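Listed below are the residues making up each chain.
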Amino acid sequence: MTNDLARWQFATTSIYHFLFVPVTIGLAFLVALLQTAWYRNEKPEYRRLTKFFGTLLVINVAVGVVTGLVQEFEFGMNWSAYSKFVGDVFGAPLAMEGLAAFFLESTFLGLWLFGWGRLPKRVHLACIWLVAAGTMLSAMFILAANSWMQHPVGYALNSHGQPELNNIGALFTNPTFLWGYVHVILASLVTGSLVMLAVSAWYLRKQREVATFAHSARISVIVLLPVILLQMFVGNKLGEIETTYQPAKIAAAEAQWENCQPCSFSAFQIGGGKNDKTPTQVIEIPHLLSVLATGTWNGAVVGLNQLQKEDEKKYGPGNYVPDVFIQYWSMRLMAYLGTLIALLALWGGWLVHKGSLERSKWFLRLSIWAIVTPFLMNTAGWLLTENGRQPWIVQGLMKTINANSPSVTSTDIWISLVAFVAIYIALGAADLTLMLRYSRKGLGDDQEGETDATATPALTY
Amino acid sequence: MLHLHTLWFVIIAVLWVGFFVLEGFDFGVGVLHTIVGRTEGERQTAISTIGPWWDGNEVWLIVAGAGTFAAFPAWYATMFSALYLALLLVLAALMARGVALEYTRKSEDPRWRRTWTWCATLGSLLIPLLLGVGLGDLLAGLPINSSHEYTGNFFDLLTPYGLWTGLTLLGLCLLHGATFLKLRTTDQLRERAASLARPLAWAAIALVVGFVIWTRSITAGPDVPDPVEILAVIAVLFAARLATSDHDGWAFTASAIAIAATVGSIFINLSPNVMISSTNAAYNLTVSNAASGGYALKVMTIVTVILFPIVLLYQGWSFHVFRGRLKAPPAAEPPPAPIGAAPPA
Numbered sequence: 002m003t004n005d006l007a008r009w010q011f012a013t014t015s016i017y018h019f020l021f022v023p024v025t026i027g028l029a030f031l032v033a034l035l036q037t038a039w040y041r042n043e044k045p046e047y048r049r050l051t052k053f054f055g056t057l058l059v060i061n062v063a064v065g066v067v068t069g070l071v072q073e074f075e076f077g078m079n080w081s082a083y084s085k086f087v088g089d090v091f092g093a094p095l096a097m098e099g100l101a102a103f104f105l106e107s108t109f110l111g112l113w114l115f116g117w118g119r120l121p122k123r124v125h126l127a128c129i130w131l132v133a134a135g136t137m138l139s140a141m142f143i144l145a146a147n148s149w150m151q152h153p154v155g156y157a158l159n160s161h162g163q164p165e166l167n168n169i170g171a172l173f174t175n176p177t178f179l180w181g182y183v184h185v186i187l188a189s190l191v192t193g194s195l196v197m198l199a200v201s202a203w204y205l206r207k208q209r210e211v212a213t214f215a216h217s218a219r220i221s222v223i224v225l226l227p228v229i230l231l232q233m234f235v236g237n238k239l240g241e242i243e244t245t246y247q248p249a250k251i252a253a254a255e256a257q258w259e260n261c262q263p264c265s266f267s268a269f270q271i272g273g274g275k276n277d278k279t280p281t282q283v284i285e286i287p288h289l290l291s292v293l294a295t296g297t298w299n300g301a302v303v304g305l306n307q308l309q310k311e312d313e314k315k316y317g318p319g320n321y322v323p324d325v326f327i328q329y330w331s332m333r334l335m336a337y338l339g340t341l342i343a344l345l346a347l348w349g350g351w352l353v354h355k356g357s358l359e360r361s362k363w364f365l366r367l368s369i370w371a372i373v374t375p376f377l378m379n380t381a382g383w384l385l386t387e388n389g390r391q392p393w394i395v396q397g398l399m400k401t402i403n404a405n406s407p408s409v410t411s412t413d414i415w416i417s418l419v420a421f422v423a424i425y426i427a428l429g430a431a432d433l434t435l436m437l438r439y440s441r442k443g444l445g446d447d448q449e450g451e452t453d454a455t456a457t458p459a460l461t462y
Numbered sequence: 308m309l310h311l312h313t314l315w316f317v318i319i320a321v322l323w324v325g326f327f328v329l330e331g332f333d334f335g336v337g338v339l340h341t342i343v344g345r346t347e348g349e350r351q352t353a354i355s356t357i358g359p360w361w362d363g364n365e366v367w368l369i370v371a372g373a374g375t376f377a378a379f380p381a382w383y384a385t386m387f388s389a390l391y392l393a394l395l396l397v398l399a400a401l402m403a404r405g406v407a408l409e410y411t412r413k414s415e416d417p418r419w420r421r422t423w424t425w426c427a428t429l430g431s432l433l434i435p436l437l438l439g440v441g442l443g444d445l446l447a448g449l450p451i452n453s454s455h456e457y458t459g460n461f462f463d464l465l466t467p468y469g470l471w472t473g474l475t476l477l478g479l480c481l482l483h484g485a486t487f488l489k490l491r492t493t494d495q496l497r498e499r500a501a502s503l504a505r506p507l508a509w510a511a512i513a514l515v516v517g518f519v520i521w522t523r524s525i526t527a528g529p530d531v532p533d534p535v536e537i538l539a540v541i542a543v544l545f546a547a548r549l550a551t552s553d554h555d556g557w558a559f560t561a562s563a564i565a566i567a568a569t570v571g572s573i574f575i576n577l578s579p580n581v582m583i584s585s586t587n588a589a590y591n592l593t594v595s596n597a598a599s600g601g602y603a604l605k606v607m608t609i610v611t612v613i614l615f616p617i618v619l620l621y622q623g624w625s626f627h628v629f630r631g632r633l634k635a636p637p638a639a640e641p642p643p644a645p646i647g648a649a650p651p652a
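Taken in sequence, the protein lines are chains A and B. Okay, so the first sequence: first residue is 2 according to my numbering, each after it adds one. Okay, so the second sequence: first residue is 308 according to my numbering, each after it adds one.
Everything labelled a hint here was simulated from the structure, so no lab data went into it. Small disclaimer: the values here were computed from a predicted structure and weren't measured. Take the hints with a grain of salt, since some may be wrong.
A few chain A residues that face chain B, going by a derived Cβ cut-off under 10 Å, partial list only [to be verified]:
1) Glu73
2) Phe76
3) Met78
4) Val87
5) Arg123
6) Leu126
7) Trp130
8) Leu131
9) Leu166
10) Glu311
11) Leu444
For each label pair, taking beta carbons as the anchor points, the in silico distance ranges come out as [said to hold, decoys possible]:
12) A:Thr174 with B:Ala589: 53 to 61 Å
13) B:Pro467 with A:Arg441: 51 to 59 Å
14) B:Trp624 with A:Ala157: 21 to 29 Å
15) B:Asn587 with A:Glu259: 37 to 45 Å
16) A:Tyr337 with B:Ala589: 54 to 62 Å
17) A:Pro121 with B:Ile525: 48 to 56 Å
Note that CB positions come from ideal geometry on N, CA and C, so glycine has one too.
With the hints as extra help, turn the sequences into a complete structure.
Shown next, in the form of structure tokens:
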């Protein structure tokens, strides 16, 4: 019970946190691009766009940062047994994240926000690029830590049976990390460019500031198109890596109970809840699962039944199959929405090529609605990754059931869960209010050197 | 020979000291900005003195936490799970305050502003108080069993010494905020900050002297205060002396030293323990029994030696860039949507 509550709390807080993270990473990069364009061509509309999307970035960062604090504390508060067991390895990338990324991000964001008209233009531009770099560095360390939980490397068990770090380089050359990190960065760029595209499309549909928002719509499509196509390749490659190191994760994502060769992919299934082994699979596409999981036309996929038997032999009795229903559907949600976004991006790319992006009613209309898809895809991706590792918290080393804090009671976790949910609803409402207000407010006036919206008019720094 | 785990204990202590010296004035400004600022324009000016910096200052706390996780996993695990509900309150306060500092002035709606101003004020008050209670508890001792698990409940966290430590750190943060505001503003704002600094300094003297005497009575060492404790007392006396003078920079320096010496003394008295067990001294968590292995500490040391000086350089540069004083807009100029309170003087 306590363990389940701790899991609910971690899932709730980390999914919520990750609604904001990719927007921050993606938008920071795009705002830096806009400001670079302004630095080079000195056209005022790029400066106005930089400030406009910069304000949205700041509104979003506020909640992203404070919900990140919860993640940092939560390991020790709810998962003390885990923290004590793996701190030797897992703590290092977290501490490095603070030193290398958080200081960079927060200091230069302050300099950027308050430095308009005060810092030389070139230095001010460098500040936003350092913020963008900080956000990507932060993701790097977190992904290195998380990938170690998926596929532990660079350690040896000490005399107490605890993992001790013996090769820090291995954490950053871990194949799960390399592909997982690129996957997350691309997902963040997809998120950022879809947010920018949706906001720009809304203005274009309303016929407001058309000349200016046509620029940002074009830039977001130009970023989105290569990124989403690359993402489909990288996501597929990550699937192959996971088939090697965490076969149950991928077998469960396809509800593949029996061994198969070649393996087909089902478009939908009916049933399959509570690890029911006989769902009705609809529209089977031959060979596709072999290609996705192994990268070969006739590759073999080991089914969950055999994986369960092998794990029981290796680790003793227990259930080693993750929740198949969550795996199956989160994989599909991610893949299908990704495909739709790729089609949208191709369409957008063609419109940019023709020079008629700002006049295409249906493309703009769809682009506004597309803003919800990255959040669904990002959440589905993490569900697939984290649920697919169960019953392990660290694959093969420690089970989730043994990882929570022994001294923390169910009551404690209930109190904190309710508190976090209440606070998160309030923060989400405030964030959404401001995001919508500032998105609709229009571009700022055209004077150069005025302070940012967050700075006060009378500041004489 | 210096053990790496001893070095890491020093690094963690330095991070906590740095956090309280830097974010200490943020907390003080967060609490005091509605008192020194009587018009909306003045409040806005007062809170803007920390605008570019507070977020970077908070990172010192995050790195102290993450550094503890990496270098002393057992300490991190026991401390964070033992202080569970206290840390929940700290998190709630950190979240409310952090978002408030960004959001308050993003809307003109008086209710919005009032709500977020309360969040900023209360958050700034609660965080140093609660963290102080937690740090005091490390030294006062908590019920911890032989497997380093906390066996008490929430009320066992409210040790009298811990509460006094919390009040002491809160008092010092308020004083530090007042000397900071005095250093960073002009005219009436500066005068009001100075007149607040005076009584705050007297309160801080009482708190720090009480803290030193109490610390002497609960620790095993001699009854004579050690040099760092004496430094804390002298610095807070200087801060009181300088509070109403024209030496704004020195007054701020004095409050910074007072806060640094007070936080530093907690870690000096704690060493070589990191958490004291009130159940049995044999169950204490120590610098050696809570530490990570040699390789992990070595890697972390190399990374810190390379990165930390760079961080200090650019954070220092940011302080340099925004070093000028802020002037509140003239009271005649109607500020956007004033929050009730007293009319402009």
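Outcome of the hint check:
Interface hint status for Glu73 (chain A): upheld, as the beta-carbon distance to the closest one in chain B is roughly 6 Å, under 10 Å. The interface hint given for Phe76 (chain A) is met, as the beta carbon of that residue sits about 7 Å from the closest beta carbon of chain B, less than 10 Å. Look at Met78 (chain A): its Cβ gets to within about 5 Å of chain B, closer than 10 Å, so that hint holds up. The beta carbon of Val87 (chain A) comes within 8 Å of a beta carbon in chain B, closer than 10 Å, and the hint placing it at the interface holds.
With a least beta-carbon distance of about 15 Å to chain B, the hint placing Arg123 (chain A) at the interface is violated under the 10 Å criterion. Below 10 Å, beta-carbon pairs count as interface contacts, and Leu126 (chain A) has none with chain B, the closest being about 15 Å; its hint is therefore violated. Hint on Trp130 (chain A) is violated. Least Cβ distance to chain B is approximately 14 Å, over the 10 Å limit. Taken as an interface hint, Leu131 (chain A) checks out: its beta carbon lies about 9 Å from the nearest beta carbon of chain B, inside 10 Å.
For Leu166 (chain A), the suggested interface contact is upheld, since its CB lies about 4 Å from the closest CB of chain B, less than 10 Å. Hint status for Glu311 (chain A): violated, given a least beta-carbon distance of 31 Å to chain B, over 10 Å. Annotation: interface hint on Leu444 (chain A) violated; nearest CB of chain B at approximately 16 Å, more than 10 Å. Distance hint for Thr174 (chain A) and Ala589 (chain B): a CB-CB separation of about 43 Å, inconsistent with the stated range 53 to 61 Å.
Taking the beta carbon of each, Pro467 (chain B) and Arg441 (chain A) are about 54 Å apart, inside 51 to 59 Å as hinted. Taken as a hint, the range 21 to 29 Å is violated for the pair Trp624 (chain B) and Ala157 (chain A), whose Cβ atoms sit roughly 42 Å apart. For the hinted restraint 37 to 45 Å between Asn587 (chain B) and Glu259 (chain A), the CB-CB distance of approximately 57 Å leaves it violated. Distance hint check for Tyr337 (chain A) and Ala589 (chain B): the Cβ-Cβ separation is about 59 Å, which falls inside the suggested range of 54 to 62 Å.
Look at Pro121 (chain A) against Ile525 (chain B): about 54 Å separates their beta carbons, and that is inside 48 to 56 Å.
Hint compliance for this structure: hints 5, 6, 7, 10, 11, 12, 14 and 15 are not met, and every other hint is.
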